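Protein chains in written order, with our numbering: chain E, 1 to 583; chain R, 1001 to 1118; chain B, 2001 to 2400.
Note that these hints are calculated values from the structure, not bench results. This structure is a prediction, so every number in the text was calculated from the model and none was measured. Please note: incorrect hints may appear among the correct ones.
Some chain B residues near chain E, calculated using beta-carbon distances under 10 Å [unchecked claim]: (1) F2169; (2) A2232; (3) I2243; (4) R2313; (5) I2321.
Heads up, simulated SDA-like pairs for lysine to any residue below, C-alpha to C-alpha not over 25 Å straight-line [unchecked claim]: (6) B/K2106 x R/P1051; (7) R/K1111 x R/P1057; (8) B/K2092 x R/A1036; (9) E/K560 x R/I1008; (10) B/K2330 x R/A1036; (11) B/K2348 x B/A2358; (12) B/K2348 x B/E2203; (13) R/K1112 x E/A414; (14) E/K27 x E/A414; (15) E/K560 x B/I2383.
Where is the CB? At the ideal position from N, CA and C, for every residue including glycine.
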Amino acid sequence: MSEQEQSTVAEPLEVHFPQAVTPDERKGYQGYVVATEALPEVATYARDELGYDYLSSVTGVDYLPEGKTEVVYHAYRTAGGPALVLKVQVPREDPVVPSLVGIYPSADFQEREAWDLLGIRFSGHPNLKRILMWEGFHGHPLRKDYQEVYFEAENKPFKNRWPEGKVYRVEEKAPLKKNVQYPPDFTAEGWVPEGDAALYAGMGQVVAAEGGNGRALNTDQIVVNLGPQHPSTHGVFRLVVTLEGETIVDLEPVMGYLHRNHEKIGERNTFLMNMPYTDRLDYICAMGNNFGYSLAVEKLMGITPPERAEYIRVMMAELTRIVNHLWAIGFLLNDLGAYFTPALYAIEERELVLDVFEAVSGSRMMCNYFRFGGVARDLPEGVLDVVRELVHERLPRKVDELDTYLTHNEIIRARCVGVGVLPPEDAIAYGMAGPVLRASGVPYDVRRADPYSIYDRLDFDVAVRYNGDVYDRYIIRLDEIRQSLRILEQVLRDIPEGEVQTGKPQYQVRVPAGEAYGRVENPKGELGFYVVSNGKPNPWRYHVRAPSFINLTAMGEMCKGQKVADVVAILGSIDIVLGEVDR
Amino acid sequence: MPTDFLPIAVLIALATVLAFLVVLIGHLFGPRRPTATKLEPYESGMRPYGPGQRRMPVHFYLVAMLFILFDVEIVFLLPWAVVLRQLRLFALIEMVVFIAVLLVGFVYAWKKGALEWE
Amino acid sequence: MDFNFQDPFTSIGELLRGLLLGWGLAPGLVSLILMLLGALVLAGFAMTLAGVFLTWLDRKLAARIQDRLGPNRVGPFGIFQPIADAIKLITKEDIIPEGAERAIFKLAPMLAVMSAVGIWAVVPFAPRLIGTDLNVGVLYIVAVGAIGTLSIMMGGMASNNKYAMLGAFRTVAQMVAYEIPMVIALLVPTMLAGTMGVGGIVEAQRGGWFIVLAPVATLLFFVSAMAEAGRAPFDLLEAESEIVAGYNVEYSGMKFGMFYVAEFLHGVTIAALTATLFLGGWLGPGAQQFPLLGLVYFAIKTAFVYLVISLIRFSMPRIRIDHLLAFNWKLLTPLALAAVIVTAIADKLAPALGWNRAVVHLTANILLAWATFEALRAYARGIRQRVEVQPAAVETGGAD
């Protein structure tokens, strides 16, 4: 769909860098292959001259047969339009790529992830260390020659870390007991994770472990862990903060506690088997995740779902958005210390929407409802009436109710207005997505900027707020719920009769070789799936551009100088789900 | 009258004894299986870095000092408040002047930024 | 001796005294024993009331506010839930973290309970049913209340835990600061009654409750006492979403239970004090003749105020520390001082003009409240102007 537009854009880039930039001519591939050393130059040009100011996704692909590793960049214009896809190919033995953090700060976490999982070193990255796996982990699991420890590897887990060790307690009872080995002087209590010492040391040089910072008249700075076991980190997420009194001096997010290497699992599964796994990414919005993955694979397969299925998909996606925003508002208030009252009010409505999900898919949260070229089954009888009642009667009333109770509350205003401000240029640079980006005054919504499904036919506004603080991020969610209701009204009005699946339902889909990047405006932001197929039943590469994960890039920036109480509010306003952050 | 305080002493002693007894009961009935990990101070599941007892940041001393200032003034106000009815107008004017002096100090502290939390 | 059903407390006391004297005990010893008995009843009453009934009521109320059912398994309507909780707490392991100051750590929860119960010694439950009518009752309330602050600081600082320490820091800032407006607000009923004795203050409200004569002071006392007790929205010292549980994060088993009871008791204490000092305490029709009726009035008023506190707790988010202190120093404290002066002047003015005392006081208070609102409104206008300039500047940079 975007070939022509891309070629008009492409000329300047090719003309400008005749040596360094060549179009990617492999079958089923798009974009440009850029010479490694020219990458920063090309990226700067693309950002400043061509207007690709928003670097959405950075990831790598390990092409083992060709003996090379490819780094793939997807950049967009915030004004809208298709992607600029840049690729850098390096030998897979020692992949070194210049870092783009200086040009696109949003590359920060994503490059760390690529280093962590694929072993691609980004020269010039300010903080290139593991992000999802723990410090001290051996190997890079997404490399194709990586052998999974329990099942494939010769060397069993931990052996490489503690040679000649002894088996201990829990593992004693495990069937694979000989696999775990500790050194003789190892005790669980005495063990300090390697990464932590380095982390603490980096958290402000003035802090000495004994307390005191050498400056007699100054007050102590203390390093405090908020999380992983903390009530308001929304899961096992950890923030290491340096405090001076109540004020944040330094902050570093640490994640990966829920890491299960979703992408590796995805590469082992067949395309369709992967669908239920996407439910587990952002488990609040399973339907939205299904949508993104379906789009990516359908792009590869070159099919489009029938009309009715498109309407059902949009209906589910918008209901998901309502669910997610209700949840987000409720728990933001919880983080502000409102003792669950707003959260429970919001969750009550969420339950009603989950009833709909249960009716159509059989499951309230892990829906697994979408299929390539349609949805799993048609709507059961009566569901449309239930949705109609919700959309026309119940939800608008309840949204107004939340609005009345919360929006003008003096304490909420005092806690939220002017807290965690993110100016629009920073929001774009950090690759923020979804409500967080739009609350900063950037009217960028994938549904409008790069329409998919039937969104180009629907009448709705992109909600924008301009202050970029916690308050605007709260209020924009109310706006978006209202817009979603507007979309749902049109969907309910126009939904046609007909098939819900192109062709016969099949367990094994044939996916031609090539690459595709499918993205949707998930409630938390732009959710992208980068899928590479080599014609086999399972994907060669399956990457998730997780909005929660990338939205955390700006966390440190937003929190510095704020109070402890603000940190939880800011985190709540970003609205993360750890299933998606850690994947 | 010192005898007035006797019931208070009795009550407080009793409350303390009760509290002590309850804690003791808990001590007797509860299990005791300490492990090194269990005895670690809680810091969101991480091993704490550095000691848990630190010097207080200087803001808090400022608050404490303001407190002392006001508390002393209030001690003067209390007996005055009790007998205000019996006193003549002069006592009222006197106390207004006193509070005015206090307010001057208060305004000074305000302008100096002592009341700002930064 | 006849048993007087109209005034059972005095009668029971007299009965017991006669009985004990009849056994040949020395009068001094008899007084002490009676006192001990009274204290036992009082402490037992306070603890069971707070620990069982009010915990249950509070949870039920919270549940209703939040669209839930609340405890409904143990006993009818779940009323024995707190007892089940207490049994659970008793059988929990008592953990003292490594590196804690053990003595202080153990002492803190007991001090907390002691201070919360101690205040009840001067609260008149009904006519003649009062632990002791101190002539410095108000001062006593303040002093004993401060011990509670101390206990929280001790618990927080002794735990060797950073969250607890942050909680203790906040305690210093919050509780210490809010004591000022609270005490100043207490001056007003003192002044109106002409005595610091709590019994005397109740008696002085026969002509009219002090909430009518001094609404501003009532509100000031209520708000600052809530902050003093660390009830939401002023629960910064144990802010669950920020510093997990603040000062009591390391406490387990019955030591935690003590803090829990103390916190509840403190809430009830505020309610009781507000009821006593401003809502006429046990006063009500027929209370003089039937002290039991007085007790009922007192309980109803206390419960009412307590439920208001709970209602606020479950409907407001937490306020931040800088706002908390600014609210105290820049609004409550000056306003409290102004309220004292206004009351004093009105008190002198009323007889001089020969007007009705209540009218003069009420007018003065309304004037004061109006002036405060005007000042706040002007301040808010200033802020709003500053805020409203901002988005325009941002907009030009951001939107395409």
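Of the hints stated earlier, which fail here? The structure conflicts with hints 9, 10 and 14, although it agrees with all the remaining ones.
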